[in-house]
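We have chain A; now place chain B onto it with these hints.
So the sequence lines, in the order shown, correspond to chains A and B.
Read left to right, the first sequence gives residues 1 to 113 (our numbering).
Read left to right, the second sequence gives residues 1001 to 1114 (our numbering).
Bear in mind the hints are in silico, worked out from the structure with no lab data behind them.
Honestly, I wouldn't trust all of these hints.
To be verified - In silico lysine to aspartate or glutamate, DMTMM-like type, Cα no more than 20 Å apart, as pairs:
| no. | chain 1 | residue 1 | chain 2 | residue 2 |
| --- | --- | --- | --- | --- |
| 1 | A | 22 | A | 49 |
| 2 | A | 42 | B | 1022 |
| 3 | A | 100 | B | 1059 |
| 4 | A | 110 | A | 39 |
| 5 | A | 42 | B | 1085 |
| 6 | A | 110 | A | 83 |
| 7 | A | 68 | A | 56 |
| 8 | A | 100 | A | 49 |
| 9 | A | 68 | A | 5 |
Source: prediction; values computed, not measured.
Listed below are the residues making up each chain.
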Amino acid sequence: GENVEQHPSTLSVQEGDSAVIKCTYSDSASNYFPWYKQELGKGPQLIIDIRSNVGEKKDQRIAVTLNKTAKHFSLHITETQPEDSAVYFCAAPPRTGTYKYIFGTGTRLKVLA
Amino acid sequence: SQTIHQWPATLVQPVGSPLSLECTVEGTSNPNLYWYRQAAGRGLQLLFYSVGIGQISSEVPQNLSASRPQDRQFILSSKKLLLSDSGFYLCAWSTPPGWNSPLHFGNGTRLTVT
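If we strip away everything but chain A, and leave its shape as in the complex, we get (with noise of 0.2 Å):
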């Protein structure tokens, strides 16, 4: 079945630095790519997604990228403010048929004023 592998687990960085998030995935078949974040005492919220028929999407400061022949996907915040500190999850679709979402194990970002 699919698997999604993400890393770091835990990322610092100094404020207005950059940045990275890196997940892969196993199922070939897999074109639609969300990325959430979690701040303390709420629910996953969508930040930002790319299809494959595409190779990065941008908003304001963050970004992803994809990488279908590689099957990885990353995302990419800039000039990162302490607000930016949550954990932040990737995912994979379900199969065509089934409805359980593949879930990275989380990123905790810390930005460092």
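Just chain B now, kept in the frame of chain A:
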């Protein structure tokens, strides 16, 4: 726009007591609905999903059950709570068919079984 509501936000229950957590979605029809559990510092475990009224699929055997009495209402229940049922419970919805659309999560219920 679509919104998802979960309640209560926190709950402390003794072992052996019943449980009922409720989730409702507004602004969409016939959503796929999901219950997830998240242990402290851990990932997301799918417990149940539903693609329609009265249709419940369980992902893991456990002490919990789910019901969908109305199109946009999803309930997580237990007759007798165990200590191991403690955790952060998240309701989520997606647009059918679901396999190429995002999950949208509620803000969760923190359950502590004492």
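Hints and how they fare:
1. 22(A) to 49(A): Distance ~14 Å between residue 22(A) and residue 49(A) Cα, so the pair holds.
2. 42(A) to 1022(B): Roughly 16 Å between the alpha carbons, so the hint for residue 42(A) and residue 1022(B) holds.
3. 100(A) to 1059(B): holds, 9 Å
4. 110(A) to 39(A): At roughly 11 Å apart (the allowed maximum being 20 Å), residue 39(A) and residue 110(A) satisfy the hint.
5. 42(A) to 1085(B): Holds. Residue 42(A) to residue 1085(B) sits at ~19 Å (cutoff 20 Å).
6. 110(A) to 83(A): holds, 9 Å
7. 68(A) to 56(A): holds, 11 Å
8. 100(A) to 49(A): The hint holds at about 17 Å.
9. 68(A) to 5(A): Holds, because 15 Å separates the two Cα atoms, which is no more than 20 Å.
In this structure, none of the earlier numbered hints is contradicted; all agree with it.
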